[in-house]
Amino acid sequence: MTQIEMENKQALKPKSQMKSDHKKILKLSPEYTQSSFAWITSLALTIVFLLNCFDFSTKTIKPFAFSAFLAYSLFTLIQIGLTVAIRKDILTSGTIRKTTRKLGFIQLLGVFTGNVFVVSFAFNVIKEKKTPEYMFAVYMVMTQFFIIAISSLNLFKPYVSNTFLLAMTLLVAILVFQLAATLLVAKHVTNQSTKRWMTWIAIPLILTAATGNLFALILGYGLLMKGRSNDLSRIDKWDTMWGKITRNTTATLGLFFIIFMFSISVCSNFTFDYSMAVENNYSALLQPPSISYPLGTDDFGRDLFTRIIFGARISLVVGFISTIIPAVVGGALGAIAGYYGHRTDNIVMRLLDVLYAVPGILLAIAIIAAFGANITNLIIALSVGSIPTYARTMRANVLMVSNYQFVESARALGSSDLSIIFRQVIPNSLAPMIVKATLTIGGAVIATSSLSYLGLGVEPHIPEWGNILKLGSTYLETHSYLAIYPGLAIIALVLSFNFLGDGLRDAMDPKLD
Amino acid sequence: MEVKASTRDGNRLLCIMQNSYDKMHQRNSYNCIIMILGLPVHLFLFMFYVWRKRDNTYSSLLEDSKRSLADEGFKEKLRLEFRNQLIRKCEFFGQHVNESELEKQVENLAEERFLKIAREKTDKRLLKEGKTKSSYSNFFRSLLSQPLFFFLTLLPGLLMYLFIFMYSNPFVKYVFERLVISVFVVIGVVILVFSILYISPFEPAANIIGETATPEQISAFNRLHGLDLPYLAQLWEAIKGIVTFDLGASYAGNEDVITSIAKKFPITLIISLLSLVMAVLIAVPIGIISSTKPNSFFDYTFMFIALLGLSIPNFWQGLIFILNFSIKLQWLPATYNPQNWLSVIMPIIVLGTALTASVSRMTRSSMLEIINEDYIITAKAKGLNKRQVLWKHAVGNAMIPVITVIGLLFGGMLGGAAVTEKVFNISGIGSYIVDKQFIPDIPSILGGVVYVAITISLINVIIDILYAYLDPRIRSKIKQY
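One line per chain: the protein sequences are A and B, in this order. Residue 328 in this note's numbering sits at position 328 of the first sequence, and the numbers go up by one each step. Residue 1002 in this note's numbering sits at position 2 of the second sequence, and the numbers go up by one each step.
Read the hints as simulated data drawn from the structure, not as lab findings. Nothing false has been slipped in among the hints.
Some but not every residue of chain B turned toward chain A, in silico, with C-beta under 10 Å:
| # | residue |
| --- | --- |
| 1 | Ile1181 |
| 2 | Ser1182 |
| 3 | Val1186 |
| 4 | Ser1200 |
| 5 | Tyr1300 |
| 6 | Phe1304 |
| 7 | Ile1312 |
| 8 | Pro1313 |
| 9 | Ala1354 |
| 10 | Leu1414 |
| 11 | Lys1436 |
| 12 | Phe1438 |
| 13 | Pro1440 |
| 14 | Val1450 |
| 15 | Val1452 |
| 16 | Ile1456 |
Here are a few chain B residues that sit away from chain A, every Cβ distance over 10 Å (derived from the structure):
| # | residue |
| --- | --- |
| 17 | Glu1091 |
| 18 | Gln1095 |
| 19 | Arg1113 |
| 20 | Leu1126 |
| 21 | Leu1154 |
| 22 | Leu1179 |
| 23 | Gly1396 |
Just so it is clear, CB atoms sit at the ideal spot from N, CA and C, and this is done for glycine as well.
If we strip away everything but chain A, and leave its shape as in the complex, we get (with noise of 0.2 Å):
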């Protein structure tokens, strides 16, 4: 074949290569990928929006739901046209427009729709070189807005908690707070250091973390860390790390959530009142959703929204410490069974398979019915009966580790055989472990609601999602936005939990690099 030729053969590449070629240039953008995740969920709230504001019974329009299709599809079109010029940027000229990423600003106004896709978007086009802590600042603010957005729903009730005010005022004034430090963090840091004066910020910051706001938290510690530590590889190890978990916008929007549902579980005790979520108030029977009940009454006259934000805490804390649980007590079997090996290995795993071979409800069920139900033997029941998983993964992973290089040279130094363990092999074989806790949370919390409908779990009078659907379950045909709601939550958390997990271990897996 001659030079000629093939340069043919080149030029006429058939359209389908173009297309092909045109593909892979897009998905090295994450700009792109992200607006194309942004209005495609955008679109699917939408059409939800749309499907709601009709009700076909009385066959009239609902004008909340009908003001919420219209201000969605509103961003969703921005969005869309977004797409197609930050398509057109990056196939013209490689990158995207000045001029586009100033049209990002318009995207922030989704904020006060609610629309968190809409504006992580934004945030992540408007800037071009984007630091985790950048990011980190963004969704604290978000946090924050939100937070108070929710709590300013109460100003609709007949009567707030006696602290509202004052907590209110607190909140706006950290929000206040956290956007300055935002704009100077999207000024001053870069990927490798910031000014030394940029830790002083950081302490406040940390401080109104106690909001719960637990990006505050991490950004605070980042600050710290770049202003004051001369370590580079430190830095780098962190920028590589959290740079990847935020360039994922599912994961990031996971953490989101859920920082967001702890942080209004901790704010919800000084700007919300819990006698509306316990109380009975036989004037507001099964009311229907409206301004002053969001989600509508129960059978008590209870307000649902109230019951819902009052019994995320329970889901959290459970959650959570049924999962540190058998973490810890799983994972050091786990980890003396690898590491000793031999006759340990098997005694230790063989026991591990008798509780294997319980299913975890099944188990949890046994011990409930044998010390009762409330919250402590629930976190017990499911303790228990997640041990194993934990001990297997642990063991899988000190049988790697403890074969490595370094684990001899400490062994040849005189380490004993505790030091070893917990200086060299668990530090290096934790992050599975951080993987699996996170996707089993969510496992956690499913169980506990479950358990609760089943009335194995939380007690009855105490606000807990699962209680609230087993009440809901009973009025399905008749007032069904009572099984619905603390449904949804159910899910957006777990699903949560999910995105982080999934973002987690393809941060952490080294197979990816």
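Using the hints, position chain B against chain A.
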């Protein structure tokens, strides 16, 4: 002719037995089991062995080599060597040399080394003369090759011979050991569940008879159900009951526990199995397609749906299904009814959702891993087209971890069926256990949980065996002792 053939077969059998015994006696645990199983034979043989040992060549040979070594002055040489070594050692560490202590140590070390070398020498001589060191296992081994001995001891040693014969085939050995392990696991499960229920602070008697129960009534109830017995006696009864399928009557309602469990088990099993079939039929193709087009819109959508499926609580999904398909659309009945097969559709889908999601995610990740393996590149380089590579080389291998996951999740599904059964009002084993736990009705809960655990163990054994049969890597691993 026939006689010859049969003797040849017999010889071959003995040969197999001998080989198998050779391999087995290297492990202490197997040796122990052989001794116990063939106790009558071994008792007799051992006495015979001790009696015959008197005219043994080994000890005389040992004496002989000892004498020859002593004649060479070997012991003196050793003593001198050790003495010098010890003195040097003491000098190095700056210790004071104690003469009598030193003498003692030298004597000990020299004696030890002398015996060791004498034994080695004897072994070497034995080997040269073509004799084996006489030990009991060698003695037994040599007898095994004699047909007469074998037939004489066939009856008393039948168990032992069966055991040895079984272990001559690595595959049978694997299956057998796997079954033995599951028996132990099941016994462990009985002990675990029974102990949990035993230490319960609740008193079933008070719950059943009511608050007005007198102490006499309570003690009569306890005596009736054997609750006044000590822990071990009750535990033994429970294990016996599980094995012999006789757990007595339940506390409330006085119905036979086994009969009620047997009545409720089939429906749970059927629904779980159908869910499994549905999950595999849907999930495996989706996983394969997703993995062939990674990071495409199709892939993202399906994996998002799968993650959503993992995040939906069973009972909520069931309620939403009832709300939409039974109440609003009125397509399917809301509760289960054995006469109406339509009523089983919703429970199957609800129960199978999580499994479908897991299996499709697992299939995808396993396929993605396999596609990057060297042998797939080889297959492509060989000139196979995409489809051949995918179906002949990738899918089969990718299914191996998927099958394990299915086995493990199926157990969880049987356990998790309790919630789905409650939602759709199915009287299966799960809702039976939940109903009985309020009392707590110990035999019913114990029976329910343990029989579910047994089913799961059995399924896992079958999957393991299938594996060993299908996966050449595991097969070769089994063959290595």
